[in-house]
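J.: Sequence:
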Amino acid sequence: MAAPTDQRIAVPIDDPNADTEWNEILRKHGVIPEKPPSPTPMIEEAILEGRRIAHENRLEGKDLDELDELEDLEDEAFLDSYRQKRMQELNNLTKKSIHGAVYPLSKPEYQREVTEASNNGPVFVNLTSPLGTNVESRVLSELWRQAAKEYGDVKFCEIRADKAIEGYPDRNCPTILVYKNGDIVKQIVTLVTIGGARVNMMEIDNLLVEVGAVGEKDMRVVKRKRDAEDAREEALMGKGIKSGNLRHATVNDDDDDDDWD
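Residue numbers for the sequence shown follow the UniProt record's numbering, so the first one is 1 and each next one is one higher.
Just so you know, these hints were derived from the structure itself, not from any lab. A quick note: this is a predicted structure, and the numbers were derived from the prediction, not measured. Virtual Cβ for every residue (Gly too), placed ideally from N, Cα, C. Wrong hints could be hidden among the right ones.
Quick list of the computed label-pair ranges, beta carbon to beta carbon [said to hold, decoys possible]: (1) E166 <-> E203: 24 to 34 angstroms; (2) V185 <-> S141: 13 to 23 angstroms; (3) E203 <-> R27: 49 to 59 angstroms; (4) P130 <-> D183: 48 to 58 angstroms; (5) K225 <-> H29: 16 to 26 angstroms; (6) G195 <-> R171: 17 to 27 angstroms; (7) N119 <-> G238: 46 to 56 angstroms; (8) K180 <-> R27: 14 to 24 angstroms; (9) I43 <-> L131: 18 to 28 angstroms; (10) K186 <-> A228: 17 to 27 angstroms.
Cross-link-like lysine to any residue pairs, in silico, SDA-like; alpha carbons within 25 angstroms at most [stated by the list, open to error]: (11) K223 <-> K163; (12) K163 <-> G196; (13) K225 <-> I176; (14) K225 <-> N181.
Work the whole structure out from these sequences, hints included.
T.: Laid out in structure tokens, this is it:
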């Protein structure tokens, strides 16, 4: 007796996700699963939402003078709400700005001015090099002064490394120590990990945000980022114009050569 043969009919399926009449029949009878929803609408929705948020936040980081320059371009009520917001932020910063300069430290006052003071907020300490030839140390000291001036609500201190820690090697200078609630919460030895001698205030901003000294939406942080982005765009546009002029000059040179033929 012959072995029974499989009477089932093979169903041809090329692409189960294709929008064909045959696939619709197969889906209806449960032979293939329903076609998954297209991600396109979700992507488009995310893009629109991103544009909406960007439009609503287009005035973030602008100071009062910059807001005044937009009087002819923005709705007056919307612009005025941002003015009020900026003025409130400035008033809050003024009230909190109890420092405003770098505190020079001596070892006897270190415990009081740094460790104990950090219970009231983060304290940033720069261990400087005793040698004038240490470029990174000079760069950080300059940034430290700028940061202390801009962030008057944050305490910045400075002490020669060998005065704070006997025998501290100059190759480890400058060293940044961040104290919070009596403990060291961040330590950066030399500037190699944050840009070296080319470090700028944006790296200091990032450090302040990282340890919670300021918020990432702090107007000083946002403004510096926006200014950097604007400068980058202007530089790229400038390069594009120069390249265009170069191509134009090349074409003109070719035309001049043709005149001599």
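J.: Take the hints in turn and mark each one as holding or not.
T.: Right, here's what the structure says about each hint:
1. E166 <-> E203: 24 to 34 angstroms: holds, 29 angstroms
2. V185 <-> S141: 13 to 23 angstroms: For S141 against V185, whose Cβ atoms are near 22 angstroms apart, the range 13 to 23 angstroms holds.
3. E203 <-> R27: 49 to 59 angstroms: Given about 56 angstroms between the Cβ atoms, the range holds.
4. P130 <-> D183: 48 to 58 angstroms: Distance hint for P130, D183 is violated at roughly 27 angstroms.
5. K225 <-> H29: 16 to 26 angstroms: With a Cβ separation near 57 angstroms, K225 and H29 fall outside 16 to 26 angstroms, so the hint is violated.
6. G195 <-> R171: 17 to 27 angstroms: Given a distance of about 18 angstroms, which is inside 17 to 27 angstroms, the answer is holds.
7. N119 <-> G238: 46 to 56 angstroms: 49 angstroms Cβ-Cβ, so the 46 to 56 angstroms window holds.
8. K180 <-> R27: 14 to 24 angstroms: violated, 60 angstroms
9. I43 <-> L131: 18 to 28 angstroms: Since the Cβ atoms of I43 and L131 sit about 56 angstroms apart, the hinted range of 18 to 28 angstroms is violated.
10. K186 <-> A228: 17 to 27 angstroms: Because 23 angstroms falls inside the window, the suggested range holds.
11. K223 <-> K163: violated, 37 angstroms
12. K163 <-> G196: OK: K163 and G196 at ~24 angstroms, within 25 angstroms.
13. K225 <-> I176: Between K225 and I176 the Cα gap is close to 23 angstroms, so the pair holds against 25 angstroms.
14. K225 <-> N181: Not satisfied, since the Cα-Cα distance of roughly 29 angstroms exceeds 25 angstroms.
In summary, the structure is inconsistent with hints 4, 5, 8, 9, 11 and 14 from the numbered list given earlier, while agreeing with the others.
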